[in-house]
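Novice: Protein chains in written order, with the working numbering: chain F, 1 to 313; chain X, 1 to 321; chain P, 1 to 370; chain V, 1 to 501.
Everything labelled a hint here was simulated from the structure, so no lab data went into it. Hints are supplied without guarantee of correctness; some may be wrong.
[Stated by the list, open to error] The list that follows gives simulated cross-link-like pairs (lysine-lysine, BS3-like), each with its CA atoms no further than 27 Å apart:
#1 V:Lys238 - V:Lys255
#2 V:Lys10 - F:Lys7
#3 V:Lys344 - F:Lys7
#4 X:Lys119 - V:Lys475
#5 P:Lys109 - F:Lys31
#6 X:Lys119 - F:Lys31
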Amino acid sequence: MDIQRLKPHFPWITLLVLVIFVGLNDPNFLKPANLLSLAGDIVPLFIMALGLTFAIYIGGIDLSAQSMANMITVVASVYLASLGIWVALLCVAIGFALGMLSGFITTRLFVPSFISTLAVGGLCFSMAQWLSGNRALNMDAAERDALFGWMIGRTGIIPNELFLAVALLAICLFIERRTTLGRALKAVGAGELAAAASGVNVARFKMLAFAISGALAAVAGLLFAVKLSGGAPTIANGFLLPAIVAVLVGGTPLTGGVGGVLNTAIGTLIVAVIRASMLYFGVEATQQQMVFGLVLIAAIALTMDRSKLRTVK
Amino acid sequence: MTRFLTREAAIRWAPLLVLIALVILFTAINPDFFAQRNFARIAIAAAPALMVAIGVTFIIVMGSIDLSMEGAVSLTAVLFCFAFLWLGGTLAAGGWLAIPLALIVGGLIGLINGLVHVKLRIPSFMASLAMGFVGTGAAVLITGGDIVRIEDDTFRALLTWRIAGFPLMVYVVVILAFLAWFIQNHTTLGRNFYAVGGGEELAHASGLNVRRVRITGFVLAGVFYAIAGMLQVAKLGQAESVTGANFMFISITSVVVGGVALWGGIGGVWNTVVGVLIVNVINNGMVVIGLPDYVQDGMLGLLVILAVVLSTDRRNISFVK
Amino acid sequence: MSTFIKDFVEREKINRRNFLFASAAGLTATAVPGILGRGAAFADAGGWSLAWSYRDRASAYWNAIVSGGEAYVESLGLTKEDMTNLINEGSSEKSLADIKAFLAKNAGKGAIASDPNDSPNARPVVEAVRDAGGYVSTIWNKTDDLHPWDIGDNYVAHLSWSGEKPSEDAARLLFEKMGGEGGVVHLGGIPANIPAVERLNGLKNALKDFPNIELLDEQSADWDTNKAAELMSSYLTRYGDKIKGVHCANDNMAYGVIEALKAEGITGMPITAFDGNPEAVDLVMKGELLATVFTNPHWGGGIALALAHQAAIGAFKPSEEPNEHREFYGPSILVTQADAEEFKKTYLDATPTYDWTDRWGLSAGGIVYK
Amino acid sequence: MYELKAVDKKFPGVHALKAVDFQVKRGEIVGLVGENGAGKSTLMKVIYGAYQPDGGTITIDGKTVRFQNPRQAMEKGIGMVFQEQSLISNLTVMENIFLGYEAQFVRLGVINWKAMAEAARKQLAKVKLDIDPATVTASLSFAQRQLVELAKVLTLEERVDGDLVILLDEPTSVLAEDEVKMLFRIVRDLTARASFIFVSHRMDEVMELSDRIYVMKDGAVVDVVNRGGATVEQIQHKMVGRNVDREYYREQRQKPYDDSRQLVKLEDVGLPGRISDISLTLHPGEVLCLVGTEGSGREAILRTIYGMRTPVTGHVTMKGARIERFTPQAAVAKGVGYVPRERKVEGIVAGMNVYENMTLSQMGHFSNAGVLRVGEERKLARDWIGKLSIKAHSEYADCGNLSGGNQQKVVLAKWRSGGSDIMLLDHPTRGLDIGAKEDVYEMIRDMCDDGVGVILVADTLEEAIGLSHTIIVLKDGRIQKRFDCEPGKKPSLYDLLHAMI
């Protein structure tokens, strides 16, 4: 009975245990500045995972997120000079629109999101290659600092990315907990047919979920472009799987309706700590990937609340 | 009633029609496409991919998903090479023993995958994704990042020895595809995949040992990944820790394009064969007709969506995820 | 090949406990190496921790880079475990995060060599190192507007290999072998990777002097063997007998091309590659590969780390060095059948011992921008 | 021959079975009745091996047995025909029949399809069903599927040496009247081969079919009645613990409806293959009942009004306005509420709590610019939990964990609280116990008093007759007959059946 009541708390307990575990090995790890900087570095990944949470929350998946971020780094680099601060709006709008397209293909054409988002990702990649002329692009550093410098600086010991992350998390949490959109997405994830029979416009909300995912992937791409002061059609590679892993480890299973954005925040931090632990424990280079896989299985086994899943597919 | 039947038939044959349409399209743009030699090239490219796709088909029919193929293919390919060389380095001198060994390793990977999924009650998406990391990681650990080459001409005959213009490995794959079809349609295990995919709880209530069927399914998939690993070695003459890279998304795409439903119970080996051919024809055809490489990813995406849309029976599904 | 197995067994013996724990219980696995491992003994490194940040352990090229780094560490009287491996798996994001974590762990006292993975990533990497007070040298990827002397002493040097000239040399060899006429196809690396762009440019430069050679097609095969095999088959359908030569941007893709041709029963097609990996050199000796370009990654891996570390301990002051010591090309050796055996003896069968204090001994000159 | 003695089963906080004695003799049909929560389903699960009892013994022919799982029970001759459709729809009939027992047709791992088809035909003959065993199950009617399920359980006959005990859990819930008759005939014929335990909410059916009836209440058997030993009312009294009189359907509360206004008007509405030329009118305060067999078009009419289907011919008018766009959203905006038959799938969202479910259809009323006013939602939920005496610990209770009756109350509250005045009720009392049914009937009368128009697809004909102002009988998608049902002048069962068939 007590285990049952503890279950919703497993993700953050796992995080805490991991942090203490690494901290015992090397107390330096526990310095606030270190922890904050660790959290700050994972922010682009977190923002992408935040978006993915919406897609996964309704029982889908968004595999276009990485290509989207790639493309946005190119878009941001190309148009920063001509559009100035408005390039941010352009990026988010593109992400939103392409996410909407994925949603449309999924809900109206009945193509599973696994395939539709993969295909839209292919489109993004093509566009990124075309727009960049297959070269790495750089932003004008002065212009970047003037317009987006606030994103990547540091206030005291707190990296500014964290403020952005917290703000986005707060917005997403608000959407999830306090808006009709969030409620509708929960209903769609937990019981799509019942939501439809209650007069909820399921297709529209599903498209919105993918659109939010696309928009947040775009924000992740933008932040990454600002951080790196440039873009390339492959620069955000390696984001996708860790982002999916972050969502899953946080306790939002692919069956939908369970978990949420707060879980993803914890999941992303777990991923960050696992990564850092490789360094702190000096895991050998050739073993790192295997250890990561094993730790992942353990972490998912610990964090996921499976009591609500009737069948495990 | 007849209208209904023709509609059903149209959906059933849609993937094949898409394949034929693509062949006609590419041929129209560049007649060189329609040549036996090019078909042999497509077949070689498709051979290992088909084995991976067939493996994952069984899992998808059960309504689960398996993302461990990249790790499984890499690990079995690498172990196969090591074993082959250790056993004498030629097929004749005992190297053949490496084949059953690789199959067993593949089965073991599948078994662990299945056990983690079923016993720990972790959804297959995550369990297999993590197992894939472990598999690739193990391949890196064993090779230390190096390439293992196999020079044995007898083994490489799979690629170099041609019958009627097609290399031996194509025939091997055709036979194995038939075997897979046979397993699917004529064995208890194959039919049980459909039972689990059609209604897991009902199958359980009927006394079916669903957990065992699931685990066996993952083992079978692992064996097919091992075959794919060996074919990949036959094709490239080498194995390394990235031998299985890029198989994950493309194999699942192929399976779905062929008309297998991701929610389980619908489609089968035959669909997967067509799906793999569609994807490989697109990949080959885009180069052959001279499409610039930067539009190829986008074009592949569009064609895949088109193929899936055409082969989905929209009347019978209320929603997809 | 058996050396790999031997290495593996040896490695496993050393780490058996880690390995067993790792397999058995995920979470505890991470703890074991640290708890059971040796305490850090950095006395000989002057209080500095050393790290190499690179793509992955899945290719001979990076292995050679790492072996150079390890050779340097061992030259300090330490063991190779004293060099931390920061593996970014092709993710710029992880590359940056790992480096920052490494610096944090060592309170800034880190000497790092890094391939930033994508050129825009170089700036945040070196800035992070500078802000933490560490020392870094980079290889391969950096944007043209980023220079060590603008960042300060903490950004010790950038080492690259001019892809253009050696690639051009290889292409000339290829064209001569083709008799100065016919079609050639190019298989490129991941688009937008600097080496991929440079190596293609080299090919194009050579083309100017061979008016009868036609570049039929140039597409990306992502540095990947399998993709190269499939791309080559498609080329064969499209261009057929027009293809008289193949120019590959690295060795791995050349392996795929050779196998694709083998499947068709085509032999004797001249192919050039790049990187000079052991397998490629073997193929050159056998005549299956016309040439490859060796960039001595072992030395590059060693010297990049050596520069960062020696600057850190004050063995030299970067700002006092001329610009061609801060941004320089590594050596490139064109390996052909004529000199392959000799080459193999010198560089592959026995690893040459380098004097790591001869910092620019093998430099091929300062980097020039166009 | 099959006997439970003093069987006990406890769950955390619940004593589900209290020293239950239960006996089935050879060739007997035993009825099992009781309200929801009385312990019927727990008892059944103990019988077919899904649960292991905590105390007491199970004996077959005097020998004590203990089942770890349903399969072991099957091997002792105990089979279960499930309430939910338990055939796997993408498999063929024969595969379903022999699911889990294919081994007999397998040689060297290969299935002999011919032999299996032959054997399947033999089983289908037992239930007098003449279909190709290779038919895919999805293409069968509900009644045919029910018979296939029975045939599937009857394979035990060949597999097991001893006697068979077959549990029938609500086998008639999806069947039409004539199909029920046929099923009963077949079951009676089969008593030569097996004993049956028959579980149903339909008291008349239990009375008709069973030789003996076990009545359960609060986890204990309160009475065993022999055939003809008691009336429906007496048994119901024992089940509920109070009288269920002829005021069951609240006929005394039936008032004439207001025919001056029209809520919904259908004119010549047609959906190819489902319904054609449907014309009907719903007035405020009216209960209009659609009667017909499965597939006669009742559900299609409800779904058309609700906007889930777009009619191909004819038109629909609601409150004077012609409907042009058929979507549930538009219907809900017009004041339509829909209580679907598949309560667990379409009615409530399991995993969401009471207030979230209640406001799902009317989030617009509780939000400003998309931001929800959760406090008001909770107050609404608390009000309705009180008003309908919904048994939930609070408005935070997960609806997936409520009992069927309380789930249905939540669904009804969802629409009523949103002010819906056109209610479409599809089998609203399906699977509910008597107490909960009465609550639903009471609510229907309340709604009528408030001027709501109700279109009802009833669970039984009696219910239809008892509740409605108007009955429309459908057959093959067409209206056969219309009955006015003023109290005292209601049509008889026979009248309706005559029109249906």
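Novice: Determine for every hint whether it applies to the structure shown.
Specialist: Evaluation of the provided hints:
1. V:Lys238 - V:Lys255: violated, 31 Å
2. V:Lys10 - F:Lys7: Roughly 24 Å separates the two Cα atoms, so the pair holds.
3. V:Lys344 - F:Lys7: Cα-Cα ~25 Å, so holds.
4. X:Lys119 - V:Lys475: violated, 51 Å
5. P:Lys109 - F:Lys31: holds, 16 Å
6. X:Lys119 - F:Lys31: violated, 39 Å
This entry does not satisfy hints 1, 4 and 6, going by the numbered hints stated previously.
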